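2 protein chains.
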Amino acid sequence: MILRSSPASPFGRKVKMAAIVLGLMDKIEIVVTNTLDPDDAIRKQNPLGKIPALTLDDGTTLYDSRVIVEYLDILAGGGKVIPASGKDRFDALTLQALADGIMDAAILQIYEIRFREEDRREPKWVEHQMGKVERGLDALEAHLPHLSPVPTIGSIGVACTLGYLDFRFGETWRNGRPKLAAWLIDFAARYPAYAETMPR
Amino acid sequence: MILRSSPASPFGRKVKMAAIVLGLMDKIEIVVTNTLDPDDAIRKQNPLGKIPALTLDDGTTLYDSRVIVEYLDILAGGGKVIPASGKDRFDALTLQALADGIMDAAILQIYEIRFREEDRREPKWVEHQMGKVERGLDALEAHLPHLSPVPTIGSIGVACTLGYLDFRFGETWRNGRPKLAAWLIDFAARYPAYAETMPR
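Chains A and B, in that order, are what the protein sequence lines are.
Quick note on numbering: my numbering labels position 38 of the first sequence as 38, and the sequence is numbered without any gaps.
Quick note on numbering: my numbering labels position 123 of the second sequence as 1123, and the sequence is numbered without any gaps.
In case anyone wonders, no lab produced these hints; they're calculated from the structure.
One should not assume that every hint holds.
[As the list claims (entries may be wrong)] Mimicking BS3-like on lysine-lysine, the simulated pairs with C-alpha atoms at most 27 Å apart in a straight line are:
| no. | chain 1 | residue 1 | chain 2 | residue 2 |
| --- | --- | --- | --- | --- |
| 1 | B | Lys-1044 | A | Lys-124 |
| 2 | B | Lys-1044 | A | Lys-80 |
| 3 | B | Lys-1027 | B | Lys-1044 |
| 4 | A | Lys-124 | B | Lys-1124 |
| 5 | B | Lys-1027 | A | Lys-44 |
[To be verified] Computed footprint of chain A on chain B, listed as stretches where at least three residues anywhere in the stretch have a Cβ under 8 Å from a Cβ of chain A:
| no. | segment |
| --- | --- |
| 6 | 1107 to 1119 |
| 7 | 1123 to 1135 |
| 8 | 1144 to 1153 |
| 9 | 1161 to 1169 |
Quick caveat, the model's predicted, so the values are computed rather than measured.
Using N, Cα and C, we set each Cβ at its ideal position, and we do this for glycine too.
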């Protein structure tokens, strides 16, 4: 299988961490992709031009990260990083949605800088996105994700989100959130996949 | 169950159409939500402040639309709008991801207008999002979603996307895409849920 991604993509990292935890990394070839290059093959495989995208041996391409993770989980036997059913499943999936939403709001702040000159950026928009990040982090501080022997896609997603904030915005998310800061240290100590997928 | 949404939200419409198809609409109370109002209860139930969000009788809130649809599908017996397993499941989920991605790119164009004065909008950003919409629609024109007796969440998502483009951008998406235009007419004729959830 071919995974198109980039080292800095937090959604790509989520897939890579899941693949490592599921013991599937040796079946996946990673191809580095530039989503802003109109000639990059990604726009053929995923018309949205977004990473990550996973091309299977039969030529089918799966996206986005949630779909890929579910596919890998089934490939590994099912019910591993995504609990198979019941409340545990929907807790993990909603936690993943929260983490994805924080990442989306953080990425939109980065795009604000990449796509616009300084005098054309819109503070109201940046604050609206920052509000999602702050409220999301506060909710995580109040209800830390449970860490199980095999991490769920919810806690993997949260770890990717916090790692992305570290990478792009520095350590300030830790201010006033000591429990979440300690949680990430614990996560990284338990699961080597966190260090193995760290963006440089 | 309480579904927080708004009449114009295409992601909310996706959940409503799925609920109608699954015969669950009489179990759901819809509460109209303004995501831009800081005092709206949505920011307590979903820290991201996004709709749709489904609050269950035990007080748990599920989000986003994909998670809610999967929950409703299981509640209706499973394997209805989301095929239970195999290639059919991942085809439907990837098609849903394509539809969601087109909707996201269309919504970002609307937000460009809502959040910014005309002289501060960024054509490069709008074109980047429009490119996702155009390539996504071209891919759908080339590979029309299969219509089964019970629609999958993939085709429901595509119908919501096209309905949203009609609602916000008018009919121009049909130019050069006669098969997709005919597909939507067919979809609306087969499934009354399309007309029942039409934004006004």
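- request: Provide an ascending list of the numbers of those earlier hints which the structure does not satisfy.
  value: 2, 5, 8, 9
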